[in-house]
Structures are given as C-alpha cells and as structure tokens.
Amino acid sequence: MKRKFLHGGDYNPEQWLEHPEILKKDLELFKKAKINTVTLGVFSWSVLEPEEGHYDFGWLENIMNTLHQEEIRVILATPSGARPKWLADKYPEVLRVGEDRRRSLFGGRHNHCYTSPIYREKVEAINEALSRQFGQHPAVKMWHISNEYGGECHCELCQNAFRTWLKERYQSIEKLNEQWCTTFWSHRYQDFDQIESPSSIGEMGLHGLNLNWRRFVTSQTKDFMEHEIRGIKKGGSTLPTTTNLMYSFTDVNYDELAKSIDMVSWDSYPLWHKREDVEVAIDTGFWHDYMRSLKNKPFLLMESCPTSTNWQSVSKLKKPGLLEAASLQGIGHGADSVLYFQMRQSRGSFEKFHGAVIDHSGRDDTRVFKEVCKIGQDLENISQVSMGTTVAQVALVYDVENRWAIEDAKGPRNQGMGYMELLLKIYRSLKGKGLNVDIISSSRDITGYSLVVLPMLYLLREHFAIQIEEYVKNGGTILQTYWSGVVDEDDLCYLGDGPHMLTDVLGVRRKEIDGLYDWEENWFQPINGGIFKKTYQCKRLCELVEVGSAEILMNYQDDFYQGEAAVTRNDYGQGQAYYVAADVAENFYDDLFDYIIEEKKIKRLVDGKIPEEITVDSRVKEGTEYVFVQNYSKEEQDISRLKLEGELLLGESITEIKGYETVVIKR
Amino acid sequence: MKRKFLHGGDYNPEQWLEHPEILKKDLELFKKAKINTVTLGVFSWSVLEPEEGHYDFGWLENIMNTLHQEEIRVILATPSGARPKWLADKYPEVLRVGEDRRRSLFGGRHNHCYTSPIYREKVEAINEALSRQFGQHPAVKMWHISNEYGGECHCELCQNAFRTWLKERYQSIEKLNEQWCTTFWSHRYQDFDQIESPSSIGEMGLHGLNLNWRRFVTSQTKDFMEHEIRGIKKGGSTLPTTTNLMYSFTDVNYDELAKSIDMVSWDSYPLWHKREDVEVAIDTGFWHDYMRSLKNKPFLLMESCPTSTNWQSVSKLKKPGLLEAASLQGIGHGADSVLYFQMRQSRGSFEKFHGAVIDHSGRDDTRVFKEVCKIGQDLENISQVSMGTTVAQVALVYDVENRWAIEDAKGPRNQGMGYMELLLKIYRSLKGKGLNVDIISSSRDITGYSLVVLPMLYLLREHFAIQIEEYVKNGGTILQTYWSGVVDEDDLCYLGDGPHMLTDVLGVRRKEIDGLYDWEENWFQPINGGIFKKTYQCKRLCELVEVGSAEILMNYQDDFYQGEAAVTRNDYGQGQAYYVAADVAENFYDDLFDYIIEEKKIKRLVDGKIPEEITVDSRVKEGTEYVFVQNYSKEEQDISRLKLEGELLLGESITEIKGYETVVIKR
Amino acid sequence: MKRKFLHGGDYNPEQWLEHPEILKKDLELFKKAKINTVTLGVFSWSVLEPEEGHYDFGWLENIMNTLHQEEIRVILATPSGARPKWLADKYPEVLRVGEDRRRSLFGGRHNHCYTSPIYREKVEAINEALSRQFGQHPAVKMWHISNEYGGECHCELCQNAFRTWLKERYQSIEKLNEQWCTTFWSHRYQDFDQIESPSSIGEMGLHGLNLNWRRFVTSQTKDFMEHEIRGIKKGGSTLPTTTNLMYSFTDVNYDELAKSIDMVSWDSYPLWHKREDVEVAIDTGFWHDYMRSLKNKPFLLMESCPTSTNWQSVSKLKKPGLLEAASLQGIGHGADSVLYFQMRQSRGSFEKFHGAVIDHSGRDDTRVFKEVCKIGQDLENISQVSMGTTVAQVALVYDVENRWAIEDAKGPRNQGMGYMELLLKIYRSLKGKGLNVDIISSSRDITGYSLVVLPMLYLLREHFAIQIEEYVKNGGTILQTYWSGVVDEDDLCYLGDGPHMLTDVLGVRRKEIDGLYDWEENWFQPINGGIFKKTYQCKRLCELVEVGSAEILMNYQDDFYQGEAAVTRNDYGQGQAYYVAADVAENFYDDLFDYIIEEKKIKRLVDGKIPEEITVDSRVKEGTEYVFVQNYSKEEQDISRLKLEGELLLGESITEIKGYETVVIKR
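Chains as they are written, first to last, in UniProt numbering: chain F, 1 to 667; chain A, 1 to 667; chain G, 1 to 667.
Worth double-checking, as some hints may not be accurate.
Unchecked claim - Examples of chain G residues toward chain A, derived with CB under 7 Å:
hint	residue
1	W59
2	R188
3	E196
4	E203
5	R413
6	N414
7	Q415
8	E512
Keep in mind that the hints were calculated from the coordinates and are not lab data. Just so we're clear, the structure is a prediction, and the values are computed from it rather than from any experiment. Virtual Cβ for every residue (Gly too), placed ideally from N, Cα, C.
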C-alpha cells in the first residue's frame, strides 16, 4: 500500500450489529469519501467480553475482513477506556475514589483506578487476546492504547503506591519534610506512611505535596499504559502504538506519556466561530505544534469533528469550508492524518448529537458528507507531503510542571496568573512573522535554536538554568519574562536574588512583583534613543527589577515605579538575554521580534507582512519545502505581497486566496 | 350551603393552642373578611400523633366544631408532607437518600422515601384514623393529600422498585439495552439487577436511564398518593380529593398525578413587580390554563400570598390592588377559589415572614387585611360564575416528558434550549388575540381544536405523530417548530428523515440545526408577494430545512444559509401545516396568528386590538358567557375599542378600566 | 524596661534551625528595624513535640535566650492552632466533622474538635509544659492563646455537648419547642436527645436552632480557650493572656471570648488599593474601634502585612508610605503595638508569598524593610502615647448575635439585607464629623453616651429595650432604624406592634416593609419648614410606619407609599428618639448628625469640615490629648481649616499634610 495520509476516524459498528443494512451502507459511503482508515474498538469492551472471561471477537473479525477487502486500514483500540458493568459490580476496587475519598459508582467512562491489580489483570488479558487475534490481521496497522487517559484515583491502593513512589524520590522523610517545608503549619511527617494525597477535606495547601501528587498521577498513568502495551506484546503484536492526547490538558504530563508510545496522536476540538476564526486557528496551531514537538516528528490528528459538537455550551455548525481548512491546518503543522470522531452518529446516549460523517438521516447528500469527500480528494492531491518534517529556529518553552506550580501557588494573582495567555500571545506574534515554532518543555535540549523564549519560568530546575546560561554564552538569544526562577522542582522558593542562577545572564534581579486588578493597567514607555518608539499597555503583573549589567530598553510610565526598568537586554558571552518585566500587550512582542529576527537573521517562510487572517506553515520532505497558506476569513484576500513562488499542489493562485481556502506550494 | 367560590386558606391553629385568645380573634377576623374555607392539618403530624401510635385529635375536633358553627368549611390535609422527629429517629429508612447515595438527616419537609413500607404504613394508619374521625364531620368538604409532592429518593428500596418497574416496561434486558443504546461507552446491562439510578458520582449521561428514572419517580409518587387515598377510603370517607401542584414543576409529571385525584389545585406564587406586571400575569395565566387543562374543568387556587413572600431574593410588597387582580385572574382562568397561604403568620421558623391575612401585629386595619375583605366581597358579587367552564379553540402542546428530554439532551445549545421561553412567547401572542387557550400534553386528544401549536416537539411518540397526521388530513391546522420529531419515547434518535413521520404533513425535512450564541442573531425576511411584509429577528437555534411540497413563506437573511427557507406552509388533506424553522421573535407569531385566525375563522373574545397591559379571559356557565377584563398597569386605560357589551358584575365601566381593576361582564 | 509600643511580629525560627546563619542574620536585621517584640510558637507543635509525649524545647530556649540578650520581648503562643500528624493519626476524634457529618482528614490548620477530651488533654499537657519551662523566662511577656479561633465541629461529642448546653438553657423541651416554634413543619422534639446540629443534609431553616448553635459554638470555643489557659496556670505562669481576633468574623461572638482574656488583640488585613484608600481606612478604623471597645481599653495589633498578602484574588504591593499610615492608624484607634505577620517569609507551603519584613532575598535594602525601620523610629517618637485611652461620646451598636439572626432569617431581602453596609455608612458619617466612636454590642451599658445609634436592631432583648427607654427618658438621644425590635433572643417574632417595646419611645409603629431590587430606588423628600432641605436616595428596604406622637421630618417621594413618613423624631422624657425608616444614602446621615451634634453639644476633635481623604482620631493619657491626623491620598492636602494646635510629635506641619502622612499633635 502506497504511503499516504490517513483519512477516516472512529467507527463503532458494534452499535449496529442488528442492522446489517447500515453496516453495508457505511462501506459504500466510506468509499465515496475516500476513507482509508478507521479506528475500531474504542469503548467496545462490553461487546468484546460480554461475560467475564468469555470473549466474543467474531463480529470484529467480520468487520475487519470486510474493511480489508475495501482497502481500509484499521487502528485497533484497547478497550480500557470504559469497563463493562459486570467488572465494576464484581470488583468494586476498579472504581475510582475521588479526592474527597468517596468511591464512584459505575458510570461515564475513564473512571478506573490505574493501580488496581484486578483492573490491570483484566486489561492485560483482553489486550493480549486482541493482540493474539488481530495482531497479524492485514488490516490492522496500529494500536490505539485506551482513550484520552486522564483523571486520578485516591483509593488506598493508590495511596500506598504514592507513598512508595515518594520514598523512592526522597529516600528519607527528613529530606521530604525539608523540600516540602512541612514545618509550616506543623505538618511534619515522621514516616512516609503518614502521607495522604491532597484532598479538599484534608490537605490542599502543601504545594510540594500537590505538585508531586501530579507527578505521581502521571507516573502511574504512564505505568498503566505501559502495562497495557505489555499485554499487546505478550499477544505477539509488534505494531506501533499511540494514545490520543488532548487540548491544554493538565491531568498528566504528556512529555512523560509520549516517551512510551511510538507516535503521538491527539483529539482536536476547537470552538470554531466562538471567537474570530483566525484566533481559534492560532490557538489550535499552538497545540498542533506542541503535539508535534513532543517527539519532534509527524503526529496523527486522531479525532476531529466533521460539524458541530454536542458538549459545548452552544454547538455551532461549521461554516462551509471551515472543516477543510481545519483539517489541512493539522497537515500543515505536521499531522499525517485527518481522522474524525465519528464515522456514524450513535442513536442514543451522551453523544448522540455529536457531529459525524454519516448522520441519523443516513444520507450521502448532506453538506457535511460532501465536505468530507472534498477533503478525501485534497489529501490525495498532497499525498507527497506525508511524513514530511517541520524545521523551526525558534523554541517556545511550555512546561506542564511549571503550569501546575504556577496555578497551585497562592501568589500575586490567584484570579488568573495568565500563563497560558502569555504563551499564546507570544506564539501568535511569532507565527505572524512567518516562523515555524517548536513548543518544548524545560526538560528538552535547547541548543541549535536561534531564539528560545522562556515565559514565566516560575519553576526552574537548576540544570535547565545551567543549560540556559551555556546557551546564551555560546551565542544563543533568550527572551525571559517576569515571574521566572522563583521555585525549585518541589515548589520551594529559592533564597537570595532571582531569577535564580540567571541574574548574571539577564543582568537584572527581581525586587518585588505587583498584582494588578483586571481594571488596572500600566504602560511601557520608550527610552530616548532606544530601539522602541511606541508605548505598550501592560496588565496583570508588573515586576520591579534592579538593573545590573543590562541595558534598559523601556521603563514604566505609571504608579510608584514610574521610570523603573520594564524591558532590558543583556549581552552575555556571545549571546543576548532580553528580559520583559510585565505582562505587556502583544504589539510589544511584534516589535521586539522584528528586531530580534533582523539581529539574528532568522529565516521567515514568506516575505512581507502576513495579513492578519492568513496563516503560514511549512513542512520539508527530502529537501523539498511545502508551504501551507490558509485564509481564516470568509472573504478572498490578496496575498501577493507574500511573494510566494513554486508549484501549486492545492489552491488556484499564489496571489489571491479565497475564504477558508488552503494553498499548498511546493518549492 | 349555596355553591360559591371558596375564600380562605392554610390555617395552622396548632401553633396557637396555648393562646386561646388568638384563636378566638382569628374567627372574628375570618368573618370580617368573608372567609368561608380553611385548610387544616398541613404539617400537623407531630401534634396529631405526638408519640408513636398515640393520636391526639381533640384539639382539631374543637377547632373544626367552632369553624362549623361559623359556617367555615374545612379542607383537611393528610399530614405526610412532614414527618415527626420520632418517626425519623426510630425508622431511618423513611429518610431520603440523595442521588449521591447519602441518606439525609431529619429536617425541612417533603423529605421522605416514597417507597419505604414503614412510611407507607404509618401514613396509611394516620390517614385512616383521620378519615374515621373527621370523614363525616359536616365542616369537612375535601381531602388535601399531603403537600406539594416532589423530590426523589435513591435508597436501596427505591433502586429495587425502579428495577421492577423497568422489568415491567421492557420485559427483557436486551430490549432495554437497545432502547437506551447502552453499547455506547460499553454500558450494556446483563440483568435488570445491575441497573442503578442516575447519580453525579455514577451515571449521568445515559438519557434513556435519566428519562425513565423521571417516569419512575412520577409513578412511585403517584402510587404513594394512591396509597394515601386508600387509607382515607379505609377510614370510610368518600369526600373528593385534591393535591396541591406547583408552578413550572418538573420533578413529577402532573398529567399522571391528575388522574388519581378528583380536582386539581395549585399553589401560585408569581414574582410580581420583578418584571412588568402584565408579563407576570401572562406567565401566571399560562400555568392557570395548564392546571385547568389537566382535567379540563374548574380547579382550585390552593395557595397564594396576600402580600410579600419571604423566600424570594427580594420580597416586594404587592402594590395596592394587585392582590385583587391576581386573585380574580385565577377565577377568570377557571379557578373556583381564592385561597391564601397563610391565614395567620407563624411566629418562628422558616416562613415567619411569609405574608399572611393576619400578621404578627394581629390587627384588622392593615392594608392587606382590608384588601382581603374586598376580595371576599368581589367573590360574592360574581358567585354565579363558579363552576363555569372554559371553552378554547386553540391548544398549545406542553409536555413535561418532552421537557425532561430536551433539558437532559446534550445538543445544539446546552446553555438554554429555550423550550419554556418559546411556549410562553406563543402563549402570550395567542392571548393577545383574545383567545382562550388549552395547555395540553401530547398524550391528549387534539381533535376538535381549530389550531394546535406544537413547539419543539423533540420527543415525539409515534401514535401522536399519527394523530397529528389524521388531524391535519381532516382539516386541522398545526403550527410546528424546529427541533421536533427527533427522538422516540426513550430518547433514542429516529433514523431517516425528520421530523419523524411528519415530513409529508409538513412538506419539509430537517437538514441541520445551528446553535447561536446569546450575542448572535439572524433574521427572517419576507418572500416577494408572500403573506409577510416585515423582517423578524431570530435567536438561539436556526434549523436548515429542505423544502418538499411546502410553500416557502419566509427565508433567512444572514449567514451561510441566507435565502434558505425559514417558514413554510403545506396544504395536506383538508388542513394546513405551518413550519417555523427558528426561534423567531414574538412579533412574527403576532402576524402569523392574525393570518391563521382569519383563515380559520377562529372566534375572538373581543373585537379590536387588545391594549398591551390588558388581559381578557372568559368562562361559560349554562350558556352564559362571563368575560374577565383585567388591567395590569397602574394607570386607567381606555378599552372602548374592545366594544364590550353586557351586564357589569364587577367594575364600573365597559369603556375605561382603572389601574389593577378587573371588569367582569355577563353576556 | 521602659513602657513603649511593641514593634515586631510572628517569627518562626523553627523553619530555619538547619540554617544558623539565617537565624543570626535575623537578629541583625531586627535590631536595625527597632524590633522589640516577636511572637513565637504559633504552629510549632510538631517541632515542640515531635513524638507523642516527647517534648523538645531546647531550640526554643536557645532562641529566647538570644532574643533576651538583644532586649527583644517574646509573646509566646500555645501551639493548638495546628496539631501534629501523629496526633490526628492516633486519635481521629480530634479531627473535625463537618455540618454534612463527614470527618475531615488531616490538613490545613484550625481544624480540631473543641470538645474532644483527648485534644483537650494533649493541649493542656503541652501548655502546662510550656508554662513550666518558659513562664518565668525574662523574655516572655504574654501568652498568645492558640491562633485565630474559629470553625465548628459536628461530631457526636459535640452533638452531646450541644444537647447538654440546650438543656441548661431551656430546662424543658416544651420551653424549647415553644421558643423555636417547632410546631411549624412538624418539627417538635420530645426530648433533648433528639436534637441535631444544623446541616445542609438535615435541618437548615429552624432559626432558633441555628442561632443557638452559633451561641453554643461560641460557648464551646470559649470553654476550650479557658481550658488552654488553665493549662498555663497549672504550669505556674501568671502572665497576661490574649488571643488574636479577626476582621468581621462571625464564627464566634467575640464579646464572649474577650471576657476570658486579659487583653484583646487582632489581625488586620485590609484590602488596600482595591477601593479608594480612605474607604479602606474607614472600614479598618471600624474594626479597630470594635476591638478597642470589647474591653474599652488599649489593644494589640497582633498581625498586619508589611507588603502584599498572598491569599487575595489580587495581591497588590502597598504603595510607599501606606504601611506607615496603616500601622499608625491602629495606634490612633487605641492599639499599643505594630506587629507584622511575618518576620521572615517561609520558603514553602501555603504562605510562601505572604509579605514579610525579611523576604526570600534576605536583603536589608528592600523597600519594605526600610519602611519597617521608619515605623520603628516613629513608634519611639510617640512612645508617650502608649497606654493612652480613647474617649467617645457616641456609641454605635453592632451586635454579632443580631447579625447572625439577620443573615439567617428569610425575609424581605435574602440577597443582601445590608446590615454591615448600614453600620459602615453610619460610622463613616460619624468619623467625618471628627468624633471618636465606640462600637458596642447590645449587652453593654449605654448610659453616659450623648448619642446611641441603633441600626437594624432586629434581634432585640427585652432588657435592652428597657435600657433604651430609660436612657432616652433620662435625656439620651437615640437614632434607631428600620427592621428593629422584630424578634426576641430566640429569633421568635414579637406579637403586637413593633419595634417591640419601643413604639412609645419612638412615637411610631411599623406597618409593612418593602424589599427593593438592586435596580430600584426611592427618595426621602423634605417636609416644608422642617430641618431637612434636600432629597436623599434610599435603596434595599423601605419600611412603612404609622406615626403616633412623633414629628415627621421627611417622607417618601415615590411608589404607593409616597408622602408617608420616612424620618421621624420623638421627644420622650428628657431625650429624643430619631427613627429612619429606610436604607437612605450616607449624605442624609451627614446632615442629620450635624443637627444632632449641634443640638446635643457633642464635642468634635477638630473644627471645620474634615477633607474627604483625611481621618482624625485621638487618645488621652494623663489628661493630655494626642490627636492623630492622617492623609489617605497620595497628594499633599491643606488641613489649615481644621485649626489644629499643639506640639507636633510626628509630621512636619499642622497646616499641610503630605500623601500617606500621619501627623500626631499633643495638646
């Protein structure tokens, strides 16, 4: 089979086993829409193992055989995302216990204890059986491990696992007491056995505990996933694995999860048409880039909605053309698939109104179905791009552990520190310059980038501080912001001047930080003869710094810190370190990045200023570059000033682009 | 005793047994205010049975005898609305268990398990004893069964009753699995014993379960009420029964409850003066009409507040005259009583500041007391209207089961589908035309009406679809809206074109439905040469339909569905079917109803356009019609254009009406 | 040691025992900032008794010795504010049970059962040991009992204690039933053993129960505190005791707590810069005055924050100068200390970003540290004021029991009755006249005041009514408002005319009370020839009164009660009684108080109108008066019209005052 983009999505034929005419119709429609891949088995456990120990795989085999005849590939899911009722009834330990220490009843999905030996045993058994049965089936190409891992359990099994995990991390309880500052409020532990997970009816304010509980949940989830994969291996299959990740998700640290799978995939459900389309596109682009950067290679768009979802406060129809744009956006950012949830709408239960390729009417003349057909054709037209990689000179550091710590701390603003808003503001500004951007955590290597942006690096590990210093010394440029280098990896404040270990690199030290109410603002004002000519509004947080070796580029206009430094630049070794002391408006970053791009000779994908509703991304394969230009307005736009050149793989013109159109140029 | 309107209300002399001077004073004041009826015994259990098995009815007999001497009738309540402390302490099973599976402590009211054999036994015993003691008492005219039934219990007794109820409904677990679509998220049941009621710590998203749980709660509540009535019968009384229903209440389906009582009664507590008075009046009128339509005969206004309540966020005094208007409004809509909660204010506890005929001052010169006296006189003046019926040519279908389903579904707008708002908008428009309106469920017969309005009939039973088709074929006119005919009676989506079974009648089929954010709008625009000349704003939901045999009356002005059909009309058999595809503004209905009234020659109660703050209702008795005209503004209004004629039973003029005045004309 | 103001604050050296260099540095900095007092031992239990029964006091003794050498005094805290983990693990009964009857896990602080015999035993033992060890230590000057008492426990031990407490209060269950009006909703108790504390899963609406539960919680907390003090006495110490109270706190009635300690102290954390600074200052002044009035003698400011806190939604930096102003404000209102929380910032856990004298940088050149040094100097400059008292001719009655009752009742406005807003409005107006004000409860003696203001005295004890009558008869002036004299001390409504027992004194009786929505208003309009010339807006609540012997001063302008009395004055005996029937704007009180001050010849601290951002307070010592004038704007203000004269102890001029400056004049 020729390498090409995957097109298809989640398919649950087990809901229609009594309706063979529907299953037959599905196949017809799949062919019409150039569907080449479906995901089977997500949430199928109660049909696969209707009674304990009694597997019924026949129906699945039949479906697979038929799909294979039609040259449709299968991604096969393990069924652990939702367990059967009999399993919960017979073994209550598989049910989660909440942070309030109440055990859940059966219901919903994604609700099992990751520690329970029984759940692990049952999952391993069915995974092994599926692997044995289908691991060699020619239709099956990949394993989809469980579904959207998340959540946590506080049962006694988990408490014990947590204690063991902590013992390994700290070795001695004295060390833990010191790192968690438990002397505060008399919380000293005498023994690891005394430790309990965070709870709203117990301990909520011990940041060291909270942060390490999150790490433990990640570790336990990862361990459970590895256990699932071991089941598959035992069954003999060596096919690649993935698990589907989610948007802006913080239950687990995906950096860790990504290490144990072969390919990253994710489920993208932007709230299209709630804000300006281009804003939603940029936001979604951030997460595409994050997912790609996890393994720094192509990923899968595992789920997306062909029309309106059903779980938003208001579920809008996607305007004509938007689905195509959104699907190709993923490709532009490094995805090798366009997969939908779902192929056919379920008749009942929670998601019965979630959009699907085939809706309750069953028709093939719906607007949505016709758009899906169009995308199927697009993917064939640009199939040569598949497996292409992304090359970025700029790294933006987004760290989930840092986010946990920032959001947990009681500090200058408990009503919105604005970490994600800051990241997105900077990302948007960088993309507006025509740059590819890698989104990486602070456990990654930063050598090789021309520019590394470090927003609110509150939780700073010392080894990363050393890496930053080395990087700048050797000629790298960093842009660091306020509220950085405050705590160590246990959320314990560094003593002495801050940002910890970076005051020399930055040439400034933090004195105080002021919280602004939502209705307050300050302004950055230019220094005479400096590189900035305008004033820029700032909000939320204003840090006061003492300037050492750095040069002041801007200062504050208002409040008692009027005239104090707001932006500085320090030359350090061969490199430069910019420091931004407050939450300043995006137009400041626009101007600063123009300066840095010029200074560092960073290569832009296009010449000229990119119009506001246009996005530009690129992939490279075997030395050839493929540029994706998209229009997120409904109106045609003039893009002649971008001076695009090359072969048009998609779209009709390199000087004009229609509403919601995607132009792909090979050059 | 001559048949006349009941005037009086809830009276709790047991709170004043140590104060005979107060009980004496009460009687004096009752006579002064022409009080002829009081409700006794609501919440009196702990005084009637101070110790288990030891009844103390003497005080009640004394009160009744005195009342009888004064020709005051008694409605006697069963005491089950609140149990004594000893009952809860000795038999914890009578305490409710919440959906989170926690048993309540003693407290509040309306908090008992409807299934508990012990509670049923104790209730039956005291009901029987009360019946035996007072069933023949000449003062007693009616039984008031419990009080404001509502709520639910999730104890094991109820779980078992639910399972039995389901087994009876579905016969086999396979059938249930299919109807509830339990294959979704692997929720298949192997046995009825596995089923658990909905819970926020368990299953919340299985719509078939949720909907049938609501049906079970109705069934169990009804069964409990019937059990109460059996106790009374066992005690020998054959007096009629009622139970007091509530405003916009959805815990139980009143259609079912109404079947087991002799007369409908309800408790009306509008939020007067929070919005425009006439808006509140129309809203209240809707519920009066609903209560009347339950049995299609006169009902009782069982509770109303003589002045401000105490449980609203802000409890406003009723402006002078408003109480009279509100009391007579009920009469105009079919009530045979004006009853207040309460005759005398309690000294302590939760409702001590709830308005009463006699307040803490005990005076008879309060503004409120004088207004009550005035109403007493009014009711005598129009006593000939009592037992009069209401004749309506228009039916508006409001279905509680449909409401449950709409509000439970996760669909195009989870933040307000606007079902009740739509019903009220249509009702207001119909009333503005001078029409009486029946509010009926979809389990009722619609033949005989000139117009049947079917707003958002999301849950459509097939036999009602058949009835609708028959009705139109035989010359009826329907007005159907968007989001109709989507699911069956288990909330399972119909497959194929929709509205299910009605696409021929309507001549259109639904394609898609768009959710609009609160800040979005679209517009209906007229078709050249059509019957509409204006544009109308629409919000919330816009359906896209494909038009078959129907004629397009209006189309959309904006968005990608600009120019597509928004209102259609289909001639089918002898009748007409109008379809409105979006949540359009009320002025659209004003214009559409003008057209339909003209076309169908529907008779209006008055000529001329009814001023905005005026309401018109009528009752008929022995061929005579009594027209009620009310003014819900504070200012006098000119009503000469209504061309009223006849004998004035109440009010002073048929051409002018004073602020808050009610005019009753016999014609 | 010479008597002087205390300067210092909470110090937790146990967090730094492994860092002797830091402890050494602390002392250096303390001397530099003229710190003369620290509070030790708050939350130190787990270090003082690391294992059950094994005390480790050596480190504390070392610290104390060093402090003593440096002439720094110690306030020593008992450690009961947070228990060690081992105590909770071994004796779960010490953990609180919530109102929902769930026992908490270990965590947070202030979370112990006040009834638990084991907790009492353990607390007594360590208190006794601390007393024995440190009671005679020359550095120790005072005991700080626990920390910020609050909260409640609903365990079975507490339930039983509550029942015993009730039995003592009511003697018979019949009496309780009558006083709580339990016949309502059939809640009669047969025995005290049936009573359960209020609960959201049980009884919430029985006001008599709720109110007495609050009284019991106060009683039990006080009893626990007395138990703690007994432990100290047993250890041999006879040093004075205090406990730190809180802002606007209603868990317990501080009137009661204050009786069992030697000196009142409190923790003041105003939300500076969230609103206008002067508004925050007035608000804070109210609570300073309340704390002083509890024992009518100097108190301690036990905690205050040197810069931003960390628990507010937004934690703003204090502007330069504000800390000094806020610190001296306490002194002006009667405090004999400026104490901070905290001396050194903790490295981790919940409060790691709470402002401190010494921050994580450890520097002595921070802005905050330098301001603290300045305050140290100020306090030396005005040390002669210490122990000075406050003389007030005006009493404002604020009663926590009344507040409980008002906020619990379901009445005319459940969305804000505005009790605290009314008190603050009146207080602000009085302070604007240049008056000292005592804030007292209704259990206090009011003879001797020239004016007693009685806002919303909803819960009125009969003996206080008698005292009020006597007071007026003998020449006193009262200002009483709407919603007074409604219920007795069990929240049971008085029967007959109201305000209960005060209709003669006031010359009016209440008829009705109207709730206004937030968007509604009415106006007071002047009577021709009366003392008022303007109209004043009123909101929230408008009472309608019948006027007897009183003179009407103003009436309503709008609504159906237009022209009815709104403000009256009654001459009664030698005195006068003003009645204000609605929640009128502050400018009304400004004008009324001008009139009363003139009439009663009440002495003002300054001549002339006080500018809006200026506050004035005074203390007296040995016949000398010390006037504190403060400027709560950032700009210099002209205060020449106040005609100040005398010796300047602080500040530079008696005619101008700089931004945030405090001027202290001896006269």
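Hint-by-hint comparison with the structure:
The closest approach between the C-beta of W59(G) and any C-beta of chain A is roughly 46 Å, which is over the 7 Å cut-off, so the hint fails. Because the smallest distance between the Cβ of R188(G) and any Cβ of chain A comes to about 4 Å, under 7 Å, the interface hint for this residue holds. Restraint check, E196(G) versus chain A: the minimum CB separation of about 6 Å is within 7 Å; hint holds. The interface hint given for E203(G) holds, since its Cβ lies 3 Å from the closest Cβ of chain A, which is under the 7 Å cut-off.
A cut of 7 Å between beta carbons decides the hint on R413(G): the least distance to chain A is about 5 Å, and the hint holds. A cut of 7 Å between beta carbons decides the hint on N414(G): the least distance to chain A is about 6 Å, and the hint holds. Given hint, Q415(G) at the interface with chain A, holds; its Cβ is 4 Å from that chain's nearest Cβ, closer than 7 Å. Given hint, E512(G) at the interface with chain A, holds; its Cβ is 6 Å from that chain's nearest Cβ, closer than 7 Å.
Of the numbered hints stated above, the single one contradicted by the structure is hint 1.
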